[in-house]
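Chemist: Throw the hints in and build the complete structure from the sequences for me.
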Amino acid sequence: MAGYLLKRLGFIVLTMFLASIIIFSVTQFLPGDVAQLILGQFATETAIANLREELGLNQPLHTQYLNWAGNFVRGDWGNSLVSRVPIRPMVMERLGNSAMLAGLALLIYVPLGILFGVIAAMKRDKWPDQIITGVSMAFVGLPEFVSGLLLIAFLAIGLQWFPANSSINPDSTFIEALPFLILPAITVSLTGLGYITRMTRSGTIDVLRTDYVRAADLKGLPGWQVLTRHILRNSLLPTVTVVAMGIGWLLGGLIVTEAVYGYPGLGRLLVYGIQRQDLPLIQAGSMIIVAIYSFSNLAADVLYSLLNPRIRVGK
Amino acid sequence: MFDPDAAFDIQRDQDAGRFVLDARDVTVTYQTEKGPLDTVRNVTLQIMPGEIYGLVGESGSGKTTLARAIVRYLPSNGRLSSGTVMLGNTDLLGLSRAEMRNIWGSRITMVHQDPGASVNPSMLIGDQISEVVRAHLGMSKKQAKARAIEMLSKVGMPDPESVVKRYAHQLSGGMLQRVLIATAMATNPQLIIMDEPTTALDVTTEAVILDLVRDLLKEFDTSVLYITHNLGVVARICNRVGVLYAGEVMEEGTIEQVFKNKLHPYTRGLLACVPRIEASKKDISLCAIPGFIPRPDQLPGGCIFAPRCELVEPACKEKRPSQVEIESGHLTACRRWELLQNDAGAAFGTCPARFEVEQELGDLVLEARNIKKYFPVTGGLTSLWKRSRTVIKAVDDISVRLRRSFTMGIVGESGCGKTTLARCIVGLEEATSGEIELEGKIMPYSVVKRSREALKKMQMVFQNPDASLNPQHPAGDSVERPLILLRNMSRKEVRGRVRELFQAVSLPAEYINRLPHELSGGEKQRVAIARAFAAEPTLMICDEPISSLDVSVQASLMNLLVDLQESKGTSYLFISHDLAAVRHISDWIAVVYLGRLWEIGSAEDVFVPPYHPYTEALLSAIPIPDPDIKQDAIRLKGSVPSSMNIPSGCRFHTRCPRKIGDICEQLEPPWRELDNDHRICCHIPVDELRLAQSGLLQNRADRPGRDL
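Those protein sequences? They're chains A and B, same order as listed.
The first sequence lines up with residues 1 to 315 when you count with our numbering.
The second sequence lines up with residues 1 to 708 when you count with our numbering.
I should point out that these hints are in silico values taken from the structure, not numbers from a laboratory.
A portion of the hints provided could be inaccurate.
[What the hints assert, rightly or not] No more than 27 Å apart at the CA atoms, straight line, and that leaves these computed lysine-lysine pairs for DSSO-like:
hint : chain 1 : residue 1 : chain 2 : residue 2
1    : B       : K145      : B       : K218
2    : B       : K154      : B       : K142
3    : B       : K449      : A       : K123
4    : B       : K34       : A       : K126
5    : B       : K441      : B       : K456
None of the values given here were measured: they were computed from a predicted structure.
Modeler: Pasting the structure below:
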């Protein structure tokens with residue numbers, strides 16, 4: 001297992017390297033000159049030339065890349081072009097916020113999704129299945145700005161249970177932030193729940209049809225034992241992959257939800273950077289999201305292999 | 001006043017406890033779109049203590065449905081609509097689902113068909129055995145584990161302590177079936193239901209498992225309901241047998257009674273379908289039962305077998321015949337049983353050979369010399385920069401030659417390289433080295449490099465007709481393709497030719513427009529055969545073409561192949577693990593093990609001693625549907641070694657029952673020539689083999705050295 005992990009970590013390094021080249025190249029093709037952007041429209045030619053020299057923009061591209069990548073690895077992610085503050089603390093702070101939201105959302109929708117998926121599979125084509133699949137489909141299809149606004153209207157403004165605005169202090173602890181997290185987490189969960197439910201449902205239906213589940217039934221084991229030992233362990237395999245993909249989405253892709261609630265997450269920071277052509281910020285944020293996807297996939301694969309002895313490695 | 005119910009109850013009280021299982025008048029009804037359908041009707045099944053009761057029938061006869069109904073594990077749209085089921089003194093129909101769970105696994109256990117699919121892939125083998133004893137015998141974890149190991153050693157599992165810590169994918173099919181049998185016996189149940197437990201296994205493994213079941217029953221006080229389609233298996237291990245047809249019992253009795261007298265035409269028909277190892281296409285043709293099993297919604301009035309019966313008379317179609325008890329325990333549902341009793345040849349008795357006996361030696365069609373096929377073992381991404389050193393030697397130097405209108409049978413266990421050899425010859429797999437010569441022309445290894453003329457000459461029929469016909473295209477389209485692609489026919493010619501081909505394979509012309517899912521398995525295979533013949537090949541490669549089909553369908557397909565060979569002069573390379581079928585259809589037989597040939601000769605020579613010890617083991621494993629034939633119990637240990645690690649010296653030495661010593665481990669054996677180009681590759685001299693081997697058929701007198 002250790003060897004396998006090392007190998008996979010090696011691959012993550014490789015992935016990050018390839019991603020860094022792509023991200024660096026793409027940001028080079030964005031319109032506009034960085035020095036011009038920083039100094040504004042009315043800067044003099046000399047000022048721009050000086051700044052270009054200072055930022056190393058006159059050096060060949062590969063040197064620029066190596067400088068950037070080297071600094072990035074060393075933890076120096078540069079300063080924001082817009083606000084002139086160091087990028088790393090800013091990104092890390094937002095990442096922490098996103099992680100709080102993602103964690104709460106996962107806690108809500110993964111167990112519920114599995115529960116609903118298993119119920120739907122066991123009661124296949126009967127009314128509980130029809131309700132569950134129907135409702136979960138509807139939520140998957142519902143855009144987050146609609147479900148978010150509906151939740152605000154009912155739970156925040158109508159019943160006044162939760163605050164409508166989640167623009168928390170960037171350095172809040174989880175406990176402090178919790179009341180503000182609930183509505184955005186529910187909004188996100190409505191989408192995620194549908195995917196988990198459907199994946200669990202189809203996985204469980206496949207497993208229910210297998211000979212080994214029939215064999216387990218005919219061993220006379222109590223129903224819950226058949227479910228936990230024989231069904232779930234095999235039927236949750238596809239769900240594990242979906243959950244892992246969800247982590248990447250939750251940490252870096254919640255642009256709409258974060259906007260609806262004004263929540264300071266990583267997704268919004270990235271949009272902000274793109275709108276203002278803040279290149280170092282875009283680069284650093286993208287690299288972080290690549291890293292998150294890589295590691296959550298690794299986690300999924302490790303979990304998958306623990307659940308599935310057929311592909312378990314390093315016997 | 002006579003009260004039939006009361007009389008029944010009295011009878012029942014007397015019988016109570018006499019039978020382990022007493023299922024009476026069981027009818028199973030499925031709720032379908034067409035309304036309720038009775039798939040099993042009024043079947044009575046009584047199993048005595050210590051008995052192995054064989055339930056035989058073709059697919060669709062209701063065997064599995066009946067078994068599921070007895071254990072009350074029917075799908076949600078099925079129910080046991082009438083009848084009674086008693087297990088000892090317990091009325092199973094009166095129990096709740098929860099109470100049934102106490103019966104399952106403790107008093108009735110089951111062994112299923114596909115051992116690979118019946119074991120949970122993500123749970124340790126040991127846990128899957130011990131969970132049963134923990135649930136039913138209340139054992140502690142430690143006791144249960146000890147019990148699992150004990151049971152595994154009872155079923156002859158080598159190294160049971162380590163097997164309990166393994167997963168399903170680490171064991172072979174035969175080993176997994178032992179695990180399932182160990183699980184089924186762990187609670188010492190009253191009744192074990194075995195549903196086709198050896199169908200998915202090699203014939204050699206099947207023989208070992210059957211021996212095991214019989215030996216275990218001597219030790220355990222258990223009865224068995226053994227479900228199978230294979231009459232040979234029934235003859236080998238059962239005490240009594242019931243023949244099921246379209247959901248009704250046609251005949252029932254002891255093995256002796258049923259196999260000797262055969263008082264139902266269906267039983268006779270089933271037996272006449274099975275190829276016999278002492279006769280080939282030159283001696284007899286197989287008597288296929290015409291027609292199909294009727295669907296439950298299209299049952300004929302009167303006797304349900306009447307539409308397919310040779311002895312049918314008008315009275316048969318009027319009233320459903322009731323079961324008659326001819327002698328104690330021997331029941332038949334045929335009203336003409338007296339005729340059958342007096343005339344052993346009535347109904348599906350003998351079918352004269354259709355094949356011309358005189359066969360002159362034709363031209364050489366195929367000569368494959370020193371074919372090798374090595375598969376590199378790839379290890380994921382590392383294979384990009386590292387050339388792998390381990391190879392799987394699937395075919396390792398095999399040469400075969402085949403003359404016009406001849407059939408070469410290739411036999412061997414699964415994993416021996418039979419199919420790879422065939423695919424190399426056809427070009428679907430590129431051979432690693434060797435020469436393939438078709439009618440004197442050397443063929444490129446890959447099918448895509450072969451000329452159209454060569455493709456036309458060599459066609460293939462695959463094992464699984466479901467997978468080899470495009471489900472979206474009507475059957476006629478599949479047959480059209482080779483006509484258009486390989487023979488440049490015009491639209492109009494094609495249409496006429498397709499009709500002729502359908503006629504040649506005995507399919508009605510309206511099937512041309514049907515989609516594959518509207519055809520039965522046998523019909524699909526006929527379409528595949530028609531497609532192969534459309535190109536008018538000189539060589540047909542048949543890879544297990546009949547293995548997945550029912551015996552009566554197998555018989556008609558084999559007859560079809562023989563007829564087509566005779567009329568068209570095609571040569572066949574016929575691959576099968578079914579030795580009786582190979583014997584029937586082949587002129588020459590090659591025995592393959594671990595990628596090499598070990599014996600080759602005419603079918604007559606290969607099937608009588610002296611033969612290679614591997615051939616001997618294969619032959620002694622064949623389940624023969626005749627309880628009078630006593631076979632030597634020569635059993636192979638373990639399973640075929642991996643082609644990645646081929647044993648040194650003689651490749652067969654690790655499992656050879658006749659190993660003579662170190663020479664077998666160190667030296668490759670020499671080829672020994674006998675008469676008629678019959679050759680055996682073994683260290684044991686031919687004369688010694690002849691002395692040691694007693695031959696399959698004890699009653700055959702023409703075998704020299706039998707009494708020595």
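Chemist: So, for every hint listed, does it hold in this structure?
Modeler: These are the hints, each one checked on the structure:
Between K145 (chain B) and K218 (chain B) the CA atoms are separated by roughly 24 Å; this keeps the pair inside 27 Å, and the hint holds. At roughly 18 Å between alpha-carbon atoms, K154 (chain B) and K142 (chain B) fall within 27 Å of each other, so this suggested pair holds. Straight-line distance between C-alpha atoms of K449 (chain B) and K123 (chain A) comes to about 54 Å, which puts the hinted pair past the 27 Å bound. This hinted pair checks out: K34 (chain B) and K126 (chain A) have alpha carbons roughly 21 Å apart, not beyond 27 Å.
For the proposed pair K441 (chain B) and K456 (chain B), the alpha carbon gap of about 14 Å is at most 27 Å, so the pair holds.
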